[in-house]
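K.L.:
Residues per chain are reported as follows:
Protein chains: 2
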Amino acid sequence: MDLPELRCIGVLHGDITTCEDAPKNFDISNRKGTLEIYPEYQQGLDGIVPGQTIVVLFWLHRANRDILKVYPRGDRSRGLRGVFATRSPARPNPIAISELKVLAVDGLHLQVSGLDILDGTPILDIKKKLSEPG
Amino acid sequence: MDLPELRCIGVLHGDITTCEDAPKNFDISNRKGTLEIYPEYQQGLDGIVPGQTIVVLFWLHRANRDILKVYPRGDRSRGLRGVFATRSPARPNPIAISELKVLAVDGLHLQVSGLDILDGTPILDIKKKLSEPG
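Just so you know, the protein sequences line up as chains A and B, in that order.
Residue numbers for the first sequence, in this note's numbering: 1 to 134.
Residue numbers for the second sequence, in this note's numbering: 1 to 134.
No distinction is drawn between identical chains; accordingly, a pair holds when it is met within one copy or between any pair of copies.
Listed next, the in silico DSS-like pairs over lysine-lysine satisfying Cα-Cα at most 25 Å (straight line):
#1 Lys69 x Lys24
#2 Lys32 x Lys101
#3 Lys101 x Lys69
#4 Lys129 x Lys69
Keep in mind that the hints were calculated from the coordinates and are not lab data.
Construct the entire structure; sequences and hints are all you get.
P.N.:
What follows is the structure in C-alpha cells.
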C-alpha cells in the first residue's frame with residue numbers, strides 16, 4: 001500500500017545540536033526546549049495546559065533509514081539486534097516518541113522539558129498521555 | 001521542511017473491521033491479531049520474543065486528516081478540544097501508538113493481543129517498550 005505524505009506540524013527549538021550531546025532517552029533527560037507549532041495547526045493545541053505530560057512524535061530527519069540491525073545503545077558486548085527490538089533512531093520510519101512535561105503554553109509555542117531530540121527536528125504529532133485524565 | 005515518504009513495513013490482520021467495533025484504546029482491549037511484516041524487513045525483528053510488550057506505530061489510513069477539533073471519546077458534554085490534546089484518530093498525521101503483548105513469533109508473523117486497530121491497517125514501526133529490560 002502506498003502511504004500519503006507526512007505533514008510537518010512544527011519544529012523543535014532546543015540546545016542539543018549533536019548526537020553525542022543528546023541524552024539516550026527522554027526518561028533520563030531534563031533538557032528544555034520549545035515546540036514551535038505552525039499557525040495552520042493552532043486550533044489543534046486547544047486544551048494543552050502547563051503541568052501536563054504530552055506524547056510528542058518527531059521525524060528524525062538525520063537518521064539512517066536503511067539499517068535493520070544495531071548495537072543497542074552502542075554497546076557492542078551484547079551483539080547486534082533487530083532495530084524493531086530496540087529504540088534506536090535508525091529504522092525504516094525514523095519516528096521518535098517522547099514524553100515531555102509542558103512548562104508553559106504561549107500561543108504557538110510550548111515550552112517543554114525532558115528532551116533527547118536535536119534542535120531543528122520536525123514535529124509530526126502531539127497526543128495526550130494515556131494515563132493523563134481528560 | 002518537506003518530509004520524505006513513509007515506508008509500510010507490514011500490515012495488521014485482525015477481526016476488528018468497523019470503527020464501531022474497535023475498543024477506544026489498547027489499554028482496555030484483549031483483542032488478538034497478527035502483525036505481518038514484509039520480507040525485506042525481517043532482519044529488523046531479530047530479538048523480539050513472546051511475552052514481551054512492544055510499541056507498534058500504525059498509519060490510520062481511514063482517519064480524517066483535516067480535523068483539528070474533536071469531542072474527546074465522542075462525549076459531547078465536555079465540548080470540543082484540540083486534537084493534539086487528545087488521542088483521537090483524526091489528526092494531521094494519523095499515527096496510532098499501541099502497546100501490544102507478543103503471544104508468538106513465527107518468522108514474519110507476530111501474534112499479538114491488546115488491539116484497538118482495524119484489520120488491514122498499515123504498520124509503520126515496532127519499538128521496544130521503554131520500561132522493558134534490554
